[in-house]
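Trainee: Residue 968 is where the sequence shown starts when you use this note's numbering, and the numbers rise one by one after that.
If you're looking for bench data, these hints aren't it; they were derived computationally from the structure. All C-beta atoms, glycine included, are put in the ideal place defined by N, C-alpha and C. Check before you lean on any hint, since a few could be wrong.
Claimed, not checked - Each pair of labels, with its calculated beta carbon distance range:
1) Thr979 <-> Ala1005: 27 to 33 Å
2) Ser1022 <-> Asn972: 39 to 45 Å
3) Ser1022 <-> Thr979: 32 to 38 Å
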Amino acid sequence: MTEHNDVTDLLTELAKIAGEIHSRNTDRDALIRAARKAGASWAEIGQSLGISKQSAWERYAGTAS
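Build the full structure now, drawing on both the sequences and the hints.
Mentor: This is how it looks when you write it as structure tokens:
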């Protein structure tokens, strides 16, 4: 494989991963909205995400409304 093909393959894989990340972020945001509607606290959501309740609120409060 030539260097160009290596770069092309790498960029193709990168684009695929970017699409997967976008999809998973969309899934995460939907789950956060559903959890909030079901009564989950920001502390509980933060714990599930491995972050503090303050960080969860700061990052996702806009997506949970």
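Trainee: Which of the listed hints are not met by the structure?
Mentor: As far as the earlier hints go, only 1 is violated by this structure.
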